[in-house]
Amino acid sequence: MGGQRAQVIDEPRGQAAPPGAPVPAGPPPELVFKRRLRPLQVARELWAARELVRALAERDLRARYKQAVLGFAWAVLTPLALCAIFTLVFHRAVKIETGAVPYTLFAYLGLIVWQFFSNTMNQGALSLANNLSLLNKVYCPREVFPLATMLVATVDMVIGVGVLGLMFLVFWTAPAATFLWVVPLLGIQFAFTYGIALILSVAVVYLRDVRHLLPIITQMGVFATPVAYPLAKIPQRLQEVYVGVNPLGAVIEGYRKALLYGEAPDARMTLIAAASSLVFLVGGYLVFKKLETGIADVA
Amino acid sequence: MSRDYPLGTIRTEQVWKRFRADQQRMLLRDRVDQMARRLRGDRGEDWRWALRDINLHIEPGESVGLIGSNGSGKSTLLKMLTRVMYPYAGVIDVRGRIGALIEIRAGIHPDLTGRENIYLFGALLGLKRREVAGRFDDIVEFARLGGAIDRQVKFYSSGMQMRLGFAVAAYLEPHVLLVDEVLAVGDAVFQQRCLDRMREVAEQGTTIVFVSHDLPAVQSICRRGVWLEQGTVRVDAGITDALAGYRDSIEAQSEASARVGEPLQLLKYEVRGEDAEDTTLHTDEPVTVELTLGGDYRGDATLHLGVSEGTSSPIFQISHEIRMTGGDHRVACVIPRLPLPRGRYTLWTGVYSIGKTDGGTLMSWHSAGQFDVFGPMLDTPPRAVVMAAPVFVPHQWED
Numbered sequence: 001m002g003g004q005r006a007q008v009i010d011e012p013r014g015q016a017a018p019p020g021a022p023v024p025a026g027p028p029p030e031l032v033f034k035r036r037l038r039p040l041q042v043a044r045e046l047w048a049a050r051e052l053v054r055a056l057a058e059r060d061l062r063a064r065y066k067q068a069v070l071g072f073a074w075a076v077l078t079p080l081a082l083c084a085i086f087t088l089v090f091h092r093a094v095k096i097e098t099g100a101v102p103y104t105l106f107a108y109l110g111l112i113v114w115q116f117f118s119n120t121m122n123q124g125a126l127s128l129a130n131n132l133s134l135l136n137k138v139y140c141p142r143e144v145f146p147l148a149t150m151l152v153a154t155v156d157m158v159i160g161v162g163v164l165g166l167m168f169l170v171f172w173t174a175p176a177a178t179f180l181w182v183v184p185l186l187g188i189q190f191a192f193t194y195g196i197a198l199i200l201s202v203a204v205v206y207l208r209d210v211r212h213l214l215p216i217i218t219q220m221g222v223f224a225t226p227v228a229y230p231l232a233k234i235p236q237r238l239q240e241v242y243v244g245v246n247p248l249g250a251v252i253e254g255y256r257k258a259l260l261y262g263e264a265p266d267a268r269m270t271l272i273a274a275a276s277s278l279v280f281l282v283g284g285y286l287v288f289k290k291l292e293t294g295i296a297d298v299a
Numbered sequence: 001m002s003r004d005y006p007l008g009t010i011r012t013e014q015v016w017k018r019f020r021a022d023q024q025r026m027l028l029r030d031r032v033d034q035m036a037r038r039l040r041g042d043r044g045e046d047w048r049w050a051l052r053d054i055n056l057h058i059e060p061g062e063s064v065g066l067i068g069s070n071g072s073g074k075s076t077l078l079k080m081l082t083r084v085m086y087p088y089a090g091v092i093d094v095r096g097r098i099g100a101l102i103e104i105r106a107g108i109h110p111d112l113t114g115r116e117n118i119y120l121f122g123a124l125l126g127l128k129r130r131e132v133a134g135r136f137d138d139i140v141e142f143a144r145l146g147g148a149i150d151r152q153v154k155f156y157s158s159g160m161q162m163r164l165g166f167a168v169a170a171y172l173e174p175h176v177l178l179v180d181e182v183l184a185v186g187d188a189v190f191q192q193r194c195l196d197r198m199r200e201v202a203e204q205g206t207t208i209v210f211v212s213h214d215l216p217a218v219q220s221i222c223r224r225g226v227w228l229e230q231g232t233v234r235v236d237a238g239i240t241d242a243l244a245g246y247r248d249s250i251e252a253q254s255e256a257s258a259r260v261g262e263p264l265q266l267l268k269y270e271v272r273g274e275d276a277e278d279t280t281l282h283t284d285e286p287v288t289v290e291l292t293l294g295g296d297y298r299g300d301a302t303l304h305l306g307v308s309e310g311t312s313s314p315i316f317q318i319s320h321e322i323r324m325t326g327g328d329h330r331v332a333c334v335i336p337r338l339p340l341p342r343g344r345y346t347l348w349t350g351v352y353s354i355g356k357t358d359g360g361t362l363m364s365w366h367s368a369g370q371f372d373v374f375g376p377m378l379d380t381p382p383r384a385v386v387m388a389a390p391v392f393v394p395h396q397w398e399d
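From first to last, the protein sequence lines are chains R and B. Following UniProt numbering, the numbering of the first sequence begins with 1 at its first residue and continues without gaps. Following UniProt numbering, the numbering of the second sequence begins with 1 at its first residue and continues without gaps.
Possibly wrong hints are sitting among the right ones.
What the hints assert, rightly or not - Calculated Cβ distances over 10 Å to all of chain B for the following chain R residues:
1. Gly-26
2. Phe-33
3. Leu-56
4. Glu-58
5. Val-94
6. Ile-96
7. Val-101
8. Thr-104
9. Leu-134
10. Leu-135
11. Lys-137
12. Phe-168
13. Asp-266
14. Val-282
Said to hold, decoys possible - Pairwise CB distance ranges (calculated):
15. R/Asn-130 x B/His-304: 51 to 57 Å
16. R/Ala-73 x B/Lys-154: 21 to 27 Å
17. B/Ile-250 x R/Val-279: 43 to 49 Å
18. B/Thr-240 x R/Asn-130: 25 to 31 Å
19. B/Asn-70 x R/Asp-209: 32 to 38 Å
20. B/Thr-240 x R/Arg-35: 40 to 46 Å
21. B/Asp-4 x R/Asn-130: 52 to 58 Å
22. R/Asn-130 x B/Lys-128: 45 to 51 Å
23. B/Arg-20 x R/Arg-35: 43 to 49 Å
Hints are computed from structural coordinates only; laboratory data are not their basis. For each residue, glycine too, the CB sits at the ideal point set by N, CA and C.
Let the sequences and hints guide you as you build the complete structure.
What follows is the structure, given as C-alpha cells:
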C-alpha cells in the first residue's frame with residue numbers, strides 16, 4: 001500500500017446537464033412520431049420473418065395437440081360432426097335442394113371454408129393478446145401472429161380437403177373439370193380472412209369486449225353464410241350487397257360450382273367478392289399498423 | 001435518410017415518451033363521459049412524461065450501464081431500444097440484431113420444450129434454423145439444462161427458465177445485447193457466469209446496455225454509465241463517475257430522513273486522521289472516529305459502528321459498551337491502520353440495549369455521513385460474491 005496519495009477525490013462527478021440548458025417542456029412538434037408505411041419495406045420485413053411465421057405456426061400446432069389424445073384427428077372431426085348435423089337438419093328436415101350433388105358433399109365443402117375462416121378469426125383475434133408476454137420483449141413485425149394462426153388453419157384445411165377427396169370416392173363422383181377456378185377463389189378467401197383477423201387481433205388488445213363478441217360472430221356466421229344452403233336462397237336483389245359484405249358467400253358458391261357442378265363461378269359475384277376482400281385486407285392492414293404502435297403501452 | 005452507422009450502433013435523438021396518468025377504465029360510461037368532455041373542448045387527458053429529451057449515441061462494442069431509481073425510465077428506454085415500444089417523439093436507431101433479456105422467460109412458451117423454445121427464439125431474432133443449430137450445444141451447456149432440454153418449459157424451475165432465457169439471448173450472437181434486471185433470479189454462481197459471459201460478449205464487440213440496481217455488477221461490466229433521473233439523462237459519463245454521482249444522490253436522500261423521537265441522538269461525529277488539525281484520511285494510517293451522543297437515557301448500552309462503501313456494501317462493523325448518564329456522552333474509537341483503499345465511504349451508527357439488537361433500540365442503525373479516504377486505488381478485482389462486512393479491523397476504544 002502507500003504510493004499516490006492526497007489526490008482530490010471530491011471532484012465533480014460526471015457532467016450533470018449544463019444548468020443553462022433545462023429540458024424543454026415538450027418535444028418539438030416536428031419530431032412527434034408518426035407511423036409511416038413504406039410498402040416495399042413492409043414487404044421485405046414480412047418476407048424476412050417467414051421463418052418466424054413457420055416457427056409460430058409450428059408452435060401453435062404442437063401446443064394445441066400436445067395434450068390431446070386424438071391430436072390432428074380433431075381437424076377433421078369438427079367439420080365432420082357439423083356436416084352430420086347439417087345433413088340431418090337441412091337435408092332431411094328443411095329439404096335443401098342440391099340437384100344431382102349429394103347434400104353431404106355440398107355442405108362439407110362449405111364447412112371447410114367456414115372452419116378455416118372461423119378458426120383463423122377466433123385464434124387470430126387472440127393471437128396478439130395471447131402473445132403479449134412475447135410482444136413486450138422481442139420485436140418482430142406484429143402481423144406475423146395473425147398470419148401464423150392462418151397458417152395453422154390452413155394446415156387444418158388441407159387435412160379437411162384430404163377427407164373431401166375420400167368423400168368423392170365414397171359418393172363415387174369425380175371433382176369437376178373446372179377445378180382450376182379454385183385458385184383465384186382461394187386468394188379471395190385468404191385475403192378476406194386475414195383482413196378480418198388483423199382488425200380483430202388488434203381490437204382485442206384495446207377492447208376486451210371484442211373477445212366476447214367472437215362466439216356470437218361464429219354462431220351467427222355459420223348460418224348467415226351459405227354453408228348449409230346455396231347462395232340462391234338469398235333474395236336475388238340483395239345478393240350483390242350480401243357478397244360485398246361477406247365475400248365468403250361468393251367463395252363457397254364458387255367452389256361448389258367449380259368442383260361439384262362443373263360450371264365457372266359467377267363472374268360478377270366473384271369480382272365483387274374480390275374487390276370487397278381486397279378492401280378488407282388493405283383496410284385491416286392499415287388499421288393494424290396504425291394501432292400496433294400503442295400495443296406495448298396499453299398491455 | 002441519415003448516414004449509415006455500423007452494426008451495433010445505438011442512437012437516440014430527442015426521444016420523448018409519455019403514458020396516460022389518468023385512470024384508463026374501459027367501461028362504456030367512461031367513454032361516453034370522455035366524449036362529452038371532448039365535445040365541450042376539454043381533452044380530459046392527463047399525460048405523464050416517462051422520458052424527456054433522451055439523446056444517446058452508443059458506438060458498437062461499447063458497454064453502457066443504465067442506472068437510476070425506480071420509475072426513472074430505464075425499462076421504458078430499454079423497451080424502446082428493442083423496438084417493442086414506440087416513442088412519442090424523436091428518432092431511435094438501433095443497427096443490427098438485438099438480443100434482449102427484458103424479463104425472465106423472455107420469449108419462452110410454457111407448452112413447448114426447451115429445444116423448441118430455442119428455435120422459436122432464434123426465429124424471433126431473425127436467425128435461420130441452421131444458424132441456431134450451430135449454437136445449440138453452447139446454449140444447452142451454458143444453461144446447464146442437460147436432459148431437461150426436451151421437457152416442456154412449464155415444468156422448469158424459475159432458475160432454469162431464466163438460465164435458458166439468458167443463454168439464448170447471449171449465445172445467438174446479437175449485435176446489441178440488452179439486459180434488464182433479470183439476474184436476480186439466478187443463484188450466485190449463475191449470476192457470476194452471466195456476468196462473465198456478458199464481459200466475453202462485450203470483448204467480441206457486441207454493444208451492451210445493462211440495467212441493474214446491482215451497482216457493483218454494473219461497474220464490473222460497463223465502461224460507460226448513463227444515470228437517468230425522472231426521465232432525463234442526469235449524467236452520461238464514465239461508469240465510475242456516473243455511479244459515484246448516483247450513490248451520492250441516494251445517500252443524500254437517505255440522510256435527509258432524520259431520526260426523531262428516539263431515546264438517543266447522534267449530536268456530532270468526526271472522522272479524523274492522526275493529526276487533529278488534518279481531517280484527511282489515508283489508507284493504512286491511524287484514524288479516529290469520535291461520536292457525541294445525547295439523550296435522556298441512563299444506563300448501559302451497546303454502541304455499534306459500521307463502515308460501508310456506498311450505502312449497500314458493508315465493509316466492517318465493530319461495537320462497544322457505553323454507559324449513558326443522561327447527559328451528552330463523547331466516545332472515540334481509534335483504528336490504528338485503516339484498511340480501506342481510496343474511495344468514499346459511509347459511516348453507520350446505532351445504539352441498542354445490552355444484549356439486544358431487536359426491540360431495545362435506543363438509536364436505530366442509520367448512516368451518519370460520509371468520509372473520503374485518500375490512498376492507492378485497488379486494482380479492479382474480479383467480481384466475487386459479496387459477504388456481509390468481510391474485513392476485520394484491529395481497533396481499541398477510549399472513553
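Going through the hints against the structure:
no.	hint	verdict
1	Gly-26	violated, 7 Å
2	Phe-33	violated, 5 Å
3	Leu-56	violated, 7 Å
4	Glu-58	violated, 8 Å
5	Val-94	holds, 39 Å
6	Ile-96	holds, 41 Å
7	Val-101	holds, 42 Å
8	Thr-104	holds, 36 Å
9	Leu-134	violated, 6 Å
10	Leu-135	violated, 7 Å
11	Lys-137	violated, 5 Å
12	Phe-168	holds, 37 Å
13	Asp-266	holds, 42 Å
14	Val-282	holds, 22 Å
15	R/Asn-130 x B/His-304: 51 to 57 Å	holds, 54 Å
16	R/Ala-73 x B/Lys-154: 21 to 27 Å	holds, 25 Å
17	B/Ile-250 x R/Val-279: 43 to 49 Å	violated, 58 Å
18	B/Thr-240 x R/Asn-130: 25 to 31 Å	violated, 45 Å
19	B/Asn-70 x R/Asp-209: 32 to 38 Å	holds, 33 Å
20	B/Thr-240 x R/Arg-35: 40 to 46 Å	holds, 41 Å
21	B/Asp-4 x R/Asn-130: 52 to 58 Å	violated, 38 Å
22	R/Asn-130 x B/Lys-128: 45 to 51 Å	violated, 26 Å
23	B/Arg-20 x R/Arg-35: 43 to 49 Å	violated, 19 Å
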